[in-house]
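Here the structure of chain H is known, so what remains is to put chain X in place on it, guided by the hints.
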Amino acid sequence: MNNNYFRLILLFILMSALNSCQFSISKMSFKAKNDFPVSLSQSLYTNNGVLITKNDYEIIHHFNFKINRVAYLPHLFGIETDVSDDMNKELEKLVKEYKGDGIVNLSISSRKKIYFFTGLIINITGKEWEVNGDIIKIKKEV
Amino acid sequence: MNKNIILLLGATFFLNGCGFYPSLKLDCRDNKIPLMVNSYNNSKKFRETSEFFSSIYPPFQTSESSVSGNYVQTTTTKYAGKTCSDMSDDLLSATKGLNDRFIGGIVVSDEDDAEFKMYNPSDVSISLKGKVVKVQGGRNE
Numbered sequence: 001m002n003n004n005y006f007r008l009i010l011l012f013i014l015m016s017a018l019n020s021c022q023f024s025i026s027k028m029s030f031k032a033k034n035d036f037p038v039s040l041s042q043s044l045y046t047n048n049g050v051l052i053t054k055n056d057y058e059i060i061h062h063f064n065f066k067i068n069r070v071a072y073l074p075h076l077f078g079i080e081t082d083v084s085d086d087m088n089k090e091l092e093k094l095v096k097e098y099k100g101d102g103i104v105n106l107s108i109s110s111r112k113k114i115y116f117f118t119g120l121i122i123n124i125t126g127k128e129w130e131v132n133g134d135i136i137k138i139k140k141e142v
Numbered sequence: 001m002n003k004n005i006i007l008l009l010g011a012t013f014f015l016n017g018c019g020f021y022p023s024l025k026l027d028c029r030d031n032k033i034p035l036m037v038n039s040y041n042n043s044k045k046f047r048e049t050s051e052f053f054s055s056i057y058p059p060f061q062t063s064e065s066s067v068s069g070n071y072v073q074t075t076t077t078k079y080a081g082k083t084c085s086d087m088s089d090d091l092l093s094a095t096k097g098l099n100d101r102f103i104g105g106i107v108v109s110d111e112d113d114a115e116f117k118m119y120n121p122s123d124v125s126i127s128l129k130g131k132v133v134k135v136q137g138g139r140n141e
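Same order as they appear, the protein sequences are chains H and X. Each residue of the first sequence is one higher than the one before, counting from 1 in my numbering. Each residue of the second sequence is one higher than the one before, counting from 1 in my numbering.
In isolation and in its complexed conformation, chain X is listed as follows:
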């Protein structure tokens, strides 16, 4: 019996260490729009146009259970996930309307720095917030 208990404990410990813990990567190397994450001091050159906020998250699913009469109903919702390229789309729409004379980008001001936040695996995501700016007299690539 003692041997069985030890085996059971061993198996439980082992299985417990084999959980699914998703990892998430924010990689914007293909993005040509400047995505600055630190403060800048030259407020004369930059003109803030709007706030920017975007989040990316991997595919995951959630389950919700509700009791109805004698039945327990479980609803599973699957999220397709959102990647850095979706964030780039968010960026492009945020900088839409800037003409050749203006180069847009995400730069954060002194008061409102870009923020990355990682949440629990059940709600894992990376959020980026900042300000969309345009620079007068800039040049396009």
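So here's chain H without its partners, still in its complex pose:
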């Protein structure tokens, strides 16, 4: 066999072996722990149990931020990572900055990212969360 073909085959075998080294995130989780109410929908409850609907508040700011996570340690089945601290800090910062009473319309989107140049030799994967929402001010008459 031609020496170059032999080298090529060897290279592919090596690549395949290295490809099994997975640096991956299989699961990301989030738990909200804030003093102000956070809702996925357009309505929310205050701590006093009062229902606040769309007509009871005004949106003072729309926010958008991203959270990225990359796995740095090899795991065969992936690792679980918690983004609660990052996310809660960011939400708290925003509500404080705009002096809001709570958050409505919180939406979350997720996407898996494979880092291009490392994708073949060793699978380093990351996950990105994009978070959107509206900071509200509850009207005084409520």
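Treat the hints with care, as some may be off.
The list that follows gives simulated cross-link-like pairs (lysine-lysine, DSBU-like), each with its CA atoms no further than 35 Å apart [as the list claims (entries may be wrong)]:
1) Lys3/X - Lys31/H
2) Lys99/H - Lys32/X
3) Lys139/H - Lys66/H
4) Lys32/X - Lys33/H
The set of hints was computed from the structure by calculation and includes no laboratory data. Treat the numbers as computed from the prediction; the structure is a model and nothing was measured.
Only chain X this time, still in chain H's reference frame:
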């Protein structure tokens, strides 16, 4: 030959970066039922009625292969996907039976917070778990 190897490697790297990695969005802005994701402290006002769990996931397909005699059989299963509006349906059925005096919603208690979990693209989904509550003396929109 060396040039060919470089080309082949370049093409493999390029193709490897062009995989299909689905994204998923949880967007419940049209939902009127309060969908709280954080803890609350006023347990007197809220009365928990039942556990709530719902998951949404995008359309995807899986393939399973099995060897039967000399044949390899591949079965492909397609999932239609489940969206946030399906989650709203789950919510509505969870809060069914609450009359005008009670406003239902999903609120999570201190011990059992709402959880979002994202899995691998082959099994990508967002799960939300919490407790269905009713509030006495509430008002409807």
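Hint check:
no.: 1; hint: Lys3/X - Lys31/H; result: violated, 52 Å
no.: 2; hint: Lys99/H - Lys32/X; result: holds, 24 Å
no.: 3; hint: Lys139/H - Lys66/H; result: holds, 30 Å
no.: 4; hint: Lys32/X - Lys33/H; result: holds, 22 Å
The earlier numbered hint that this structure contradicts is number 1, and it is the only one.
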